Amino acid sequence: MRTTLIAIASVPVLALALPGCGGDRPERSRPPDTVTIIELADISKPMPLISETSLDSEVSSIMYRPLLASRWEDGELHYLTADEDERSLARGYEFTGPDRASLRYRMRSDARWSDGTPVTSHDAVWTMETRGDPRAASPRQAYNRQIRAFEVEDDSTFVIHFTRPYPEMLFHSAGQVAPRHLYADHDPSQLRSHPAVNSPGGGSLVVSGPYMVGEWLRGQRLVLVPNPEYHPQPTIPRIVFLPIPEETTRMIELQTGNADVMDLPFDKIDLIRTGSPEVRFETRRRRFYDYIAYNPRTHPAFEDASVRRALGLAIDVPAILAALQLGPWAEPAGGPYAPIFRLLYDPAEQAPLPFDPDEAARLLDATGWIPGPDGIRVRDGQPLRFTLSTNAGNQRRSDASQIIQQQWRRVGIDARLQTLETNTFFDRLNSREFEASMAGWGVGLSADMSDMWTGDRPFNLTSFSDPEVDRLFDLALGQPTEEEAAMYWREAAGRIVAAQPYTWLFYFDQVVGVNDRIRNTRIDTLGSYQNIHEWWIVGGAGDPDRADPTTADPDLLSDAGGSAGFAGQTNGGNGQDP
Amino acid sequence: MSGLTCLTVWLLLLLLAMARRDRIADILAAPTLPPGDMIALGSLAFFLLANWAWPLFDLTAGRSRRARESGISQWSLAMRQFRRNRMAIAGLIVMILLYAITLLTPLIAPFDPSVQGDIVATRYLAPSAENPMGTDRFGRDILSRTLYGARISLSIGFIAMAIGVGLGTLIGAVAGYFGGIIDSALMRFTDMMLAFPRLILLIVIIALFEPSIFLVVVVLGLTGWMGIARIVRSEVLSLREREFVQAARALGMSDLRIIVRHVVPNTLAPVIVFATLLIGNTILVEAGLSFLGLGVQPPTPSWGNMISEGRDALLTAWWVATFPGLAIVFTVVAFNLLGDGLRDALDPRLRT
Amino acid sequence: MLSFLGRRLLGAIPLVLGILTLIFFIMHLAPGDPTTRYSDPSISPEVIEQMRVNLGLDQPLPIQYFRWMTSFLRGDFGYSFGQMRPIAEILPEVLWNTLQLTLVSLVIIFGLGMLIGIYQAVRQYSAGDNVLTFVALFFYSMPAFWFALMLILIFALRASQGDWVIQFPASQMTSLDYDLMSIGEKIRDRIMHLILPATALGVGSAAGVARYMRGSMLEVIRQDYIRTARAKGLSEGRVVFHHALRNALLPIITLMGLTLPYLFGGSVLVETIFAWPGMGRLIVDAVFQRDYPLVMAASFVITVMVILGNLLADALYAVADPRIRVRQDG
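Protein chains in written order, with the numbering used here: chain A, 255 to 832; chain B, 426 to 777; chain C, 5 to 334.
If we strip away everything but chain A, and leave its shape as in the complex, we get (with noise of 0.2 Å):
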């Protein structure tokens, strides 16, 4: 019995004196050829008829070849060709037809799917039709809205036929191509259920982008490896996604040299920035926002815009950013457009409400709302107080809502905190049962904000109705480009931006944090993993100077051969300043 015990009692401790432990401990570096990426989550379908999260759209840019590359620049997208970008699948488009509501596409002949199929135009057209299929629940089928008919006239070339033209007829068309052979023998409804998808490793998922899925072990890592046909070869023939729920946990896997790539909490930046000089700071800009939305429907105080108006001009914006150390990272918001938009921002129409007390307590004391002997205002014996609800789990949007509670209460505003679990959260928010609450959007790469202000769209949280926005809408989606339609969609949020819905609380910016070993980065709006497969690592793969190009092991790279080497090296430059 004893030896038994003693037996159970020296396991653990044998076990750490097996091979590696006293004496020679190997130098802690990071592996040469893979590039390691930190994430709060796991993928989930990484196939671009389906993808659900953000970061299943990341991976889906990476793995899947889109029709047309876009590039932000200048507060704009930009489409870009075969010629401008090795990624993309046509060479050419043309605006065609009596009114130029159709689009057709050249597709290069050069471009295969890893299983070797050569990449058509019944892929493209497959992908959009399916896309508007409603037995497939894609979320992306509102795309298919004005689209009427497709029409194949050879392998590489195809029509699309608008119902008219519009502003965004490329941003529904030139989106990524998911492979036809693969999935159209599937009832499309059951396309999440596809075997490909939900086992994609070694080879099975087949992409057309310069990665594939190497290997999947759900929960704990996605590998991601060259696509054999995909040319020129990507530099970094291993890259691999960790999810990691705890914030702490992820900062310390990145403080202890395991990451190279993580997003980055705003009060964090300074901790990484002394105790890790090794990372550099990405920043992707101002795409996401939070505000506070007012349901008029369920709170007298609402249905008028001056109270609402007073709401804004109580909360010191600029006092919460400093307060959560948001600093040079987020500005105050003002209205739908953030000022990235170079067409749709107006900076006098939208801008964010100055921080002023005492106009506010003026317009509520205008509007009838008088301080009570307790200092919260009552109007017809009904005090100024309300819910104020926001979903579990965001800190950003906790820590704000309990200092603006207290600035409300320094102009006799009562709000009541609520914190309900995330999916109530969002079933209250669709059914209106809500009095005030605290979210957040990402500011779609679309214009179309109609959803969100129109009559009974689901998305118009705040029963917003207004004829004249109405028209301003209609007219923009008229438009047959994007620029003719910024003027409307400029003026429509001037008129939406006076009559305070929501209240805008800030714009902020995603921090990236990457290990200076890495090079070549380009992160910025549009995402963090755009030119993947041009990165490179100093003193590893890629790296201009390093004797042997092919050192990276074979048994990383896939098989099936066809890797061409390094072909495709491009400049050695560093990524965006922080």
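Incorrect hints may appear among the rest.
[Said to hold, decoys possible] Which residues of chain B face chain A? A partial, calculated answer using Cβ under 7 Å: (1) L529; (2) D537; (3) A546; (4) T547; (5) R623; (6) A632; (7) L640; (8) T725; (9) T741.
[Said to hold, decoys possible] Where chain C lies over chain B, by a calculated footprint (3+ residues, C-beta under 8 Å): (10) 608-620; (11) 708-714.
Please keep in mind that the hints were generated in silico from the structure rather than gathered at the bench.
Bear in mind that the values here come from a model prediction, so they are computed numbers and not experimental data.
We treat Cβ as the ideally placed atom computed from N, Cα and C, and that holds for glycine.
Got chain A sorted already, so can you dock chains B and C onto it with the hints?
Structure of chains B and C alone, referenced to chain A:
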């Protein structure tokens, strides 16, 4: 309590009152009196009075009390055994201290736990003379928040325990006393509740309504009674056949009276032990719920949600999560020591 | 005894079904459904509705229940609404992840716990006993997730910064280059990744076991037959480990049976902190996402384990203590 102890406590409370006299003045001068402040003042007055008056009472009633205590009744035996156990006494003292703190918090806490000053200047300050436990992300004093959090956590623990004990005793006593179908039915129900995944139930119920202290307490209470029920039932089963119960029945007493006045008091010993341990356990569960975002919601401080708020700042401001954690540890240790001591004192089998 | 077990098992079946039914209806009572997380202005309500139809959520509740129950009774757990994969594929993976962790922690819980308890009983009231009591109590009263965070902070971060001899990984089950390692290195890698989470899970409960063990040993040691054994001249070691321990193990054995649900259910908080893809996280995430089939399947596993665990505890108790066996058969 001996006279000397009373004197010491009385002096300490006086010192406290002196040190916080301006706070007391503020409370008395304010137009409206929030209930928390009322309770604090009232409790201070009561403790002062009690500690002054008890030695008087003790001395005059001295002889008969000592005669009572030197008896060999079950309770006096237990009390003597308990008193010998120093760890248990320590636990008892800590528990009394904690609940006294919850009553006196408005007087003891140096700062208002919810006030945010100039956040940028006072955020995440390391522990210092001004803020012995440092400040959190909003510049709020952690010591004050921990003290106020004690109120919340201890209240939740106590009330949830009370609900659990009440419900469990009822069910266990009824099941054990009446036996037969009632017993099987109630025990099946208990088994079902025991087999039910508690976490799922907690999450769903809290999601259905909104997370609030009231809901947390009720749900914890309604899911924690099963252990008590089992204990009470087995005790009642063995007691049922004892002579005094049969005698009571022969005398024509109603079942209810027998249960309430004769059976249940004899089951109290293991129940008390379990109850003290249950409080500690409930505090831990509440902390876990807060970690998932389902417990007490900010800005109300509870130890659980303070740890949760501080978990992301662990690398830069370790004190935000550490002190509430230590508070939980020491509180639960105290309750466990107390429970162990009670168990040693009340269980005749362990006595040598 | 077998008939007793048989009866209990039979009685457990309606219990499990009853619980699952309750869970089914409670889950559907909660606001929201699996499609709520697709709230996004770019997704039109028709798409959401279509998703609901695809998942069968547009049917009236009793019909959904009936469908689920019939396929469940046939042994088909269905598809997870969140992952859109057969649950029969998901569960074994996650269960195996969980078991690795909980089994190792079980070794800590019972191995360490018993050792400490025995020591405390044999050296009662010594300085060591008092210190251990307090230390054990300290860890027993600690929230496991708080302990987990402290562990990572010290043994992963500070160890790395201070370049300690032994440094532990902060998260995950295996290292990045696991596939490139030799067998020996692989085993070591797994063990290194297991130690911190298993400790976080195990130490608190080990303290609990130690308390039980101590009490039980103390009770046994005072018995007459132990005094007889000592009088006979047997060595102290033999007395303690051969005679006393055998009988003191009784309550511990029943305790082992009761850990079955924990073995299969994992712990959501510790798993979250260590990024361990286990059952705890699976269940909680499933509840948050309203992934009804997955919640039902996971609850089924847990419930069965609770019942089996109780059964096992009772059976082991009967096996170990002949007095009970006789009483039951007689």
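Here's how the hints hold up against the structure:
At a threshold of 7 Å, the smallest CB-CB gap from L529(B) to chain A is about 25 Å, leaving the interface hint violated. Hint on D537(B) is violated. Least Cβ distance to chain A is approximately 12 Å, over the 7 Å limit. Of the supplied interface hints, the one on A546(B) is violated, with its beta-carbon coming no nearer than about 10 Å to a beta-carbon of chain A, more than 7 Å. Given the 7 Å rule on beta carbons, the hint for T547(B) is violated: about 10 Å separates it from the nearest Cβ of chain A.
The interface hint given for R623(B) is broken, as the beta carbon of that residue sits about 17 Å from the closest beta carbon of chain A, more than 7 Å. For A632(B), the shortest C-beta to C-beta distance to chain A is roughly 4 Å, which falls under 7 Å, so the interface hint holds. A hinted interface residue such as L640(B) counts as satisfied when its beta carbon comes closer than 7 Å to some beta carbon of chain A; here the least separation is about 12 Å, so the hint is violated. Of the supplied interface hints, the one on T725(B) is violated, with its beta-carbon coming no nearer than about 9 Å to a beta-carbon of chain A, more than 7 Å.
About 5 Å separates the beta-carbon of T741(B) from the nearest beta-carbon of chain A, less than 7 Å, and the hint is met. As drawn, the stretch 608-620 of chain B meets chain C at 5 residues by the rule of a beta-carbon pair under 8 Å; at three or more, the given contact holds. For the stretch 708-714 of chain B, the assignment as covered by chain C holds, since 3 residues bring a beta-carbon within under 8 Å of that chain's beta-carbons and 3 suffice.
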